[in-house]
Amino acid sequence: MNEDTYVVIPVYNEERVVGDVVRSVRRHFANVVCVDDGSRDRSGEASRAAGAKLVTHAVNLGAGAATQTGIDYALLDAAAQYFVTIDADGQHDAGDAVRLLDRLRSDELDIVIGSRFLGDARDMSRAKATLLRAAASFSAKTTGVKLTDPHVGLRAFNRRFAENLKLTMPDFSHASELVQRIRQGGYRYAECPITVTYSDYSKAKGQPMINAVNIGFDYLMHRTFKK
Amino acid sequence: MILLQVLLVIGFLVVLFWFLSKPGSAQVKAWKRLAIIALFAFAIVSVLIPSATDAAADFVGVYSGSNLLLYVTAVSFIAFVLNQYVHNSDAHERVIVLTRRLAILEAKNRELAEQLDATQRPDRATDA
Chain A
1 MNEDTYVVIP
11 VYNEERVVGD
21 VVRSVRRHFA
31 NVVCVDDGSR
41 DRSGEASRAA
51 GAKLVTHAVN
61 LGAGAATQTG
71 IDYALLDAAA
81 QYFVTIDADG
91 QHDAGDAVRL
101 LDRLRSDELD
111 IVIGSRFLGD
121 ARDMSRAKAT
131 LLRAAASFSA
141 KTTGVKLTDP
151 HVGLRAFNRR
161 FAENLKLTMP
171 DFSHASELVQ
181 RIRQGGYRYA
191 ECPITVTYSD
201 YSKAKGQPMI
211 NAVNIGFDYL
221 MHRTFKK
Chain B
1 MILLQVLLVI
11 GFLVVLFWFL
21 SKPGSAQVKA
31 WKRLAIIALF
41 AFAIVSVLIP
51 SATDAAADFV
61 GVYSGSNLLL
71 YVTAVSFIAF
81 VLNQYVHNSD
91 AHERVIVLTR
101 RLAILEAKNR
111 ELAEQLDATQ
121 RPDRATDA
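As they're listed, the protein sequences go chains A and B. So for the first sequence, our numbering puts the first residue at 1; every next one is plus one. So for the second sequence, our numbering puts the first residue at 1; every next one is plus one.
The hints are simulated quantities; they were obtained by calculation from the structure and are not laboratory data. Everything numeric in this text was worked out from a predicted model, so none of it was measured. Some hints here could point you the wrong way.
[As the list claims (entries may be wrong)] Using 27 Å as the maximum straight-line C-alpha spacing, the simulated DSSO-like pairs for lysine-lysine come out as follows:
1) Lys53(A) <-> Lys166(A)
2) Lys108(B) <-> Lys53(A)
3) Lys108(B) <-> Lys166(A)
4) Lys146(A) <-> Lys128(A)
Input sequences plus hints: build the corresponding full structure.
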């Protein structure tokens, strides 16, 4: 049951849904790591009760930092060959994660990224779709890596990519950083259509759209002063 | 005088970029301190001899001394803000590295303890 794969789930205040997410992922994957990013609720206990391995940040650091912690943890297992990241709020479908992984294995790729636009994004607001498309075209122009949906949380990649990922941008800007790594390392990448369901819960919890300003600003500052 | 203004703006940007690109180096630190001292000196001179700022303004091609003062203050403020931003993100990066190490150590520790517990439990059962 995909023993060579680790599924990394960054978790922040998802007590209500993370248990179901872990259980649905564990139907396909033996190794599930939840990184509790300093949640104020009982997300950590809920993840563990559902059968995930738990790594807990003492303070909240952001989704990017939590993802990287999960990958670092998984890399300690020499048997880990493939890595999948998936959101904790239940918007992704575990079956899609399996499809991404199958594609990664069969096509000899380094990374397969889900796309809400090739697939089916249910109940996505028009404003959000427009913003995401704009962000995608900005990302494609600045990095040269052509993706229709670079800011999606569902991805699968191999060990070589995981070892060289080293995300330093703590927040949601890490998605742009990941795309940058693809360009820097010349990795073989592909997109795979996925279905995303925006429940009222995930809509209420999701990042406000104004956060795009923060992501853009952090990304530019990082590029200007760090590399 | 327009040319001089352009050169000044480019000069400011180059210095700023250089300062921020390697914030930790001793050289950059020293220049930052010299810049602060120069700023102090400029402030004191502008209070004691107001006409001197006009002369300085005239020299670099700025309309008046008070304008020059405003530009210098604005540039210092922007430099300060960017400096703080870089410092903050450096400090934050350290927190991330430490928190990550701690989190993974704790997780591995707990797993080890659980494994140990599982292997010892049958012994306890036979002892009892």
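Outcome of the hint check:
Proposed proximity of Lys53(A) and Lys166(A) is supported: the alpha carbons are some 21 Å apart, at most 27 Å. With a C-alpha separation of about 10 Å, the suggested pair Lys108(B) and Lys53(A) falls inside the 27 Å cut-off, and the hint holds. In summary, the hint linking Lys108(B) to Lys166(A) is supported, as the alpha carbons are separated by about 21 Å, within the 27 Å threshold. Of the pairs offered as hints, the one joining Lys146(A) and Lys128(A) holds, with about 20 Å between alpha carbons and a cut-off of 27 Å not exceeded.
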